[in-house]
Amino acid sequence: MSVQTNRTDSLEESEVFHILGNDRRRAIVQLLAGEAGQIDVSDVATEIASTESDAASVPNNLYKSVYVSLQQTHLPQLQEDDVIEYDSEAKTIRPGPNFDDVLGYVDGETSDRSSTLRLHLGICLLGLLLIAIAGLDGTASSLDPVLSSVLALLVVAASSLYQLLG
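In this note's numbering, the protein residues as written are 1 to 166.
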């Protein structure tokens with residue numbers, strides 16, 4: 001069962017974690033990412049069964065089990081969440097509108113949030129350093145601590161606005 005129906009927007013982080021909470025769905029996303037365009041469901045089932053099998057060759061019953069679970073459970077859920085586009089007649093899948101959102105979590109890149117947070121932290125630390133230098137009675141006393149604070153906050157605000165609108 002999918003987390004949300006009638007999808008009109010991007011996936012929430014909790015929905016991505018639900019989707020990727022299953023090894024087979026994670027494997028589908030990884031396999032599709034490695035292909036240009038689309039991939040046959042039978043190829044996906046073969047790869048997943050091969051990964052799950054301890055034997056040199058994939059037992060037919062394991063392949064069938066994987067194939068059926070893909071058809072009945074995993075592919076419909078991923079399609080419902082717009083992660084894939086599943087052609088049930090041609091038995092092929094290709095990336096859907098939310099594919100990149102999910103792939104980012106599989107690849108370990110949750111989004112640009114971590115880089116944005118590092119940027120903001122760096123700007124804040126630089127601003128604090130400028131304020132500290134301006135507060136010292138030394139060679140840098142020409143720096144105004146209020147101006148330094150305002151400039152650092154403006155840069156953080158501009159970066160945040162850019163991330164929200166971009």
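For the record, the hints were derived by calculation from the structure and aren't laboratory data.
A virtual CB, placed ideally from N, CA and C, is assigned to each residue, including glycine.
Don't take each hint at face value.
Unchecked claim - Result set (SDA-like, lysine to any residue): computed pairs, CA atoms no more than 20 Å apart in a straight line:
#1 Lys-91 to Leu-126
#2 Lys-64 to Asp-82
#3 Lys-91 to Tyr-67
#4 Lys-91 to Val-68
#5 Lys-64 to Ala-33
#6 Lys-91 to Leu-129
#7 Lys-91 to Asp-43
#8 Lys-91 to Arg-24
#9 Lys-64 to Phe-99
Claimed, not checked - Restraint-style ranges between C-beta atoms, simulated for each label pair:
#10 Ser-65 to Gly-104: 25 to 31 Å
#11 Ser-115 to Ser-14: 20 to 26 Å
#12 Ser-65 to Asp-87: 19 to 25 Å
Inset, instruction - Starting from the hint list further up, note which numbers the structure goes against and sort them upward. - result: Hint check: 1, 2, 5, 6, 9 fail, others pass.
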